[in-house]
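For the record, the sequence lines run as chains H and P.
Counted from 1, the first sequence has number 176 at position 176 by our numbering; the numbering is strictly sequential.
Counted from 1, the second sequence has number 1163 at position 163 by our numbering; the numbering is strictly sequential.
Hint data in this document are derived by calculation from the structure and do not stem from the laboratory.
Note that beta-carbon positions come from the ideal geometry of N, C-alpha and C, so glycine has one too.
Among the hints, erroneous ones may be present.
Covered stretches of chain P, as calculated for chain H (at least 3 residues, CB under 8 Å) [what the hints assert, rightly or not]: (1) 1075-1081; (2) 1096-1107.
No more than 20 Å apart at the CA atoms, straight line, and that leaves these computed lysine to aspartate or glutamate pairs for EDC-like [said to hold, decoys possible]: (3) H:K101 to P:D1253; (4) H:K101 to P:E1335; (5) P:K1270 to P:D1285; (6) P:K1151 to H:E55; (7) P:K1297 to P:D1263; (8) P:K1074 to H:E192; (9) H:K206 to P:D1253; (10) P:K1017 to P:E1073.
Calculated Cβ distances over 12 Å to all of chain P for the following chain H residues [claimed, not checked]: (11) F40; (12) F41; (13) W87; (14) W120; (15) Y158; (16) L190; (17) G194; (18) L197; (19) A199; (20) Q203; (21) I210; (22) P211; (23) A281.
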Amino acid sequence: MAVQGAVASRSGLRSALPLLAPAYLWLTVAIFLPLSAMVFFSFMTDLPLSGKPWEFTLGNYAAFFSQSLYLTLLLASLRLGLEVTLWCVVIGYPAAYVLAKVLKGRSREAIFLLVILPFWSNGLVRIFSWAMVLREGGILDTALNAVLPFKINIDLMYSYPAVIIGLVHSYVPYMVLTCYLTLQAIDDSLIEAGRSLGASRLQVLKRVIIPLSMPGLVAGAALIFVPVVGSFMEPRILGGRTGTFYGTVIEDQFVAVFNWPLGAALSFILLAVVLVILAVASPVLKRAA
Amino acid sequence: MAGVQVSNVSRSFGAHKALDDVSIDFADGGFYALLGPSGSGKTTLLRQIAGFDFPDSGRIAIGGESVERVPVEKRRIGMVFQNYALFPNMSVADNVAFGLSVRGEAKATIATEVQRALDLVQLGKLGERRPHQLSGGQRQRVALARAIVTKPRVLLLDEPLGALDKALRVDMQIELKRIQREIGITTIFVTHDQEEALTMSDRIGILRDGRLVQEGPPEEIYDRPKSEFAATFLGDANIFRGDATGNGIKLPDGTTIAAGIGDRLAAGVKASCAVRPERIRIATDAGTSNGNANTLKGQVSKRIFAGNNSTYFVERAGQTLKVIVQNTGNDRLAEGQDVMLSWSPESTVLIAAS
């Protein structure tokens, strides 16, 4: 039996090979090769491009541990990731619930489009629109002062909240989409059954709906948390001087300082930290789900 | 426990009248079937009683207390859904415990009550299982245990046996009836399966197009249907249409049929007579009436043998009549044979044309 199974799976693999090859070829060329080059760079003293002398070193990784700045920034970025993820849950989950369970037909399609729209707009355009809205004398400031009887001064630009707003805007569709998919799969009769047993809507939400949609929440959180921790565009443009995070420092190494080896080393440290966090969190989340 | 009174309840969805002035009284402790084809409003009515949806007009009372604007979670009802609706994220015991636990009962009380409910449905040992590890019949029992553990005033069942296969369904019918008797709870049961309605319920309400067609004990509805629809939807019936002659009808070809059941109708109005297939005697000798007042000649066009009985289809004046004959070991009739059909007026129901 076992031998037969192995033979069957081997012949299955052979016939699947033409289907798998393009994807794996692409992954090899587009991701594995550049990434290995980066791993290589991260152990060098300098880039070998300009003909300058170079040698192998662990110094780039040591730099992370010798200077407390990097650790401080990494923690700040992790906190940023956590906060943005949390806001995406707070904003995205109710939206997904309404889309999946309340709206039907045309109105659902229309609202869905509104959720997806930021996805289709260019990231830079998105961020600069926020800059126009949030700055002093900007759209939000002017609008609020036109409505409110007293004078207030909204100057969110170049602040931590501005970075959060920009990032949440960019990433909330992931949360809406993943939660929508799991919420839609929950049979309405489960909600009705809960209520027929005397549970309030809130109790049904806590005991039935949220546990059953946990896979979507977890998937959304992973999709958001990882890129936000490494983000640099939103912090730089919307955060200004307060927008120095781990991601912007990595970007600096590549574009400004031209210290690719250090930038690469910092990236891999971030990758390792994120993987450890996901590995530690996954059994806990799996149990919750 | 409590009875349920539905008075003049109407409910429309857009232009569609799902319930049209329905009044029905469910007595305390009874087992009721709401029977009707799909789209007849039976599920809508059940959902009004449950409180998932509110009527446009009319009154619903549970135990004498008006509830038509009370949300479902405050009505103290138990409901079993067609697809069981067990919470997949909880064990069987947690599913059953749900209603008690949202109410904030003590853990020890919950544990004993859950065990008692699971014992009642004969699943006492499966509390730790997950719903997906159970068979259809077992899930059904869990759903029932979950619905009754909170001691609801009314038990509502929405086609609960629809997803089970035939043999299991019969078992569950008996089981459901036993449990209902044991706890004596008022039970309202939606089904489109007439056999299920006949075998299980104390009373049946037949619905059609949002209206209550007839309501009463199964024997009464079967023996004395008040409409052609009731006659043909609950069981099989041969329908003859003609003009009323007082206590019978005259068919277009002049044949008269005497009816012993049903209100007398003014002579000349359009009327029909309904006769159950098993009430008709079939004989080969012309002129054999077996002392029955109603006789018709016909020709056997088809015979279906079903073991304990045979169904004969008899052609007569462009109409196909159905006759069911018990298998008594007597000679069977061949297709194409001329026959004489006879039945008594006491087996004939006079129905006013609707």
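Hints, verified against the model:
1. Check result for the region 1075-1081 of chain P against chain H: holds, 5 residues qualifying (beta carbon to beta carbon below 8 Å, three or more required).
2. Remark: the region 1096-1107 of chain P is confirmed as covered by chain H, as 4 of its residues place a Cβ nearer than 8 Å to a Cβ of that chain, reaching the required three.
3. Pair hint K101 (chain H) plus D1253 (chain P) does not hold up; C-alpha atoms about 60 Å apart against a cutoff of 20 Å.
4. For the hint linking K101 (chain H) to E1335 (chain P), the alpha-carbon distance of about 58 Å lies beyond 20 Å, and the restraint is violated.
5. The straight-line distance between the Cα atoms of K1270 (chain P) and D1285 (chain P) is roughly 33 Å, outside the 20 Å bound, and the hint therefore fails.
6. Distance hint between K1151 (chain P) and E55 (chain H) is unfulfilled; the C-alpha atoms sit about 79 Å from each other, more than 20 Å.
7. Simply put, K1297 (chain P) and D1263 (chain P) have alpha-carbon atoms about 27 Å apart, too far for the 20 Å limit, and the pair is violated.
8. Among the hinted pairs, K1074 (chain P) with E192 (chain H) is consistent with the structure: their alpha-carbon atoms are about 13 Å apart, no more than 20 Å.
9. A hinted pair counts as satisfied when its Cα atoms are at most 20 Å apart, and K206 (chain H) with D1253 (chain P) does not qualify at roughly 71 Å.
10. Of the supplied pair hints, the one linking K1017 (chain P) and E1073 (chain P) is violated, its CA atoms being roughly 26 Å apart against a limit of 20 Å.
11. Distance check on F40 (chain H): its Cβ is at least 47 Å (rounded) from any Cβ of chain P, clearing the 12 Å threshold; non-interface status holds.
12. Separation of F41 (chain H) from chain P is adequate, the least Cβ-Cβ distance of about 47 Å exceeding the 12 Å criterion.
13. The Cβ of W87 (chain H) sits about 26 Å from the closest Cβ of chain P, beyond the 12 Å cut-off, so the non-interface label holds.
14. Listed as outside the interface, W120 (chain H) is consistent with that label: its C-beta sits roughly 35 Å from the nearest C-beta of chain P, beyond the 12 Å cut-off.
15. Every CB of chain P lies more than 12 Å from the CB of Y158 (chain H), the least distance being 45 Å, so the non-interface label holds.
16. With a cut of 12 Å on Cβ distances, L190 (chain H) falls inside the contact zone with chain P, its closest approach being about 5 Å.
17. With a closest Cβ-Cβ approach of about 7 Å to chain P, G194 (chain H) is found to fall inside the 12 Å limit, against its non-interface label.
18. Not every beta carbon of chain P lies more than 12 Å from that of L197 (chain H), the smallest distance being close to 4 Å; the non-interface claim is violated.
19. The beta carbon of A199 (chain H) sits about 4 Å from the closest Cβ of chain P, which is not more than 12 Å, so the claim that it is off the interface is violated.
20. With 12 Å as the threshold on Cβ separation, the claim that Q203 (chain H) sits away from chain P is violated: the shortest Cβ distance comes to roughly 5 Å.
21. A Cβ of chain P approaches the Cβ of I210 (chain H) within 12 Å, the least distance being about 10 Å, so the stated non-interface status is violated.
22. Interface exclusion of P211 (chain H) from chain P breaks down, the closest Cβ pair being 4 Å apart, not more than 12 Å.
23. Taking the minimum C-beta to C-beta distance to chain P, about 19 Å, the non-interface status of A281 (chain H) holds against the 12 Å cut.
Hint violations for this structure: numbers 3, 4, 5, 6, 7, 9, 10, 16, 17, 18, 19, 20, 21, 22, all remaining hints satisfied.
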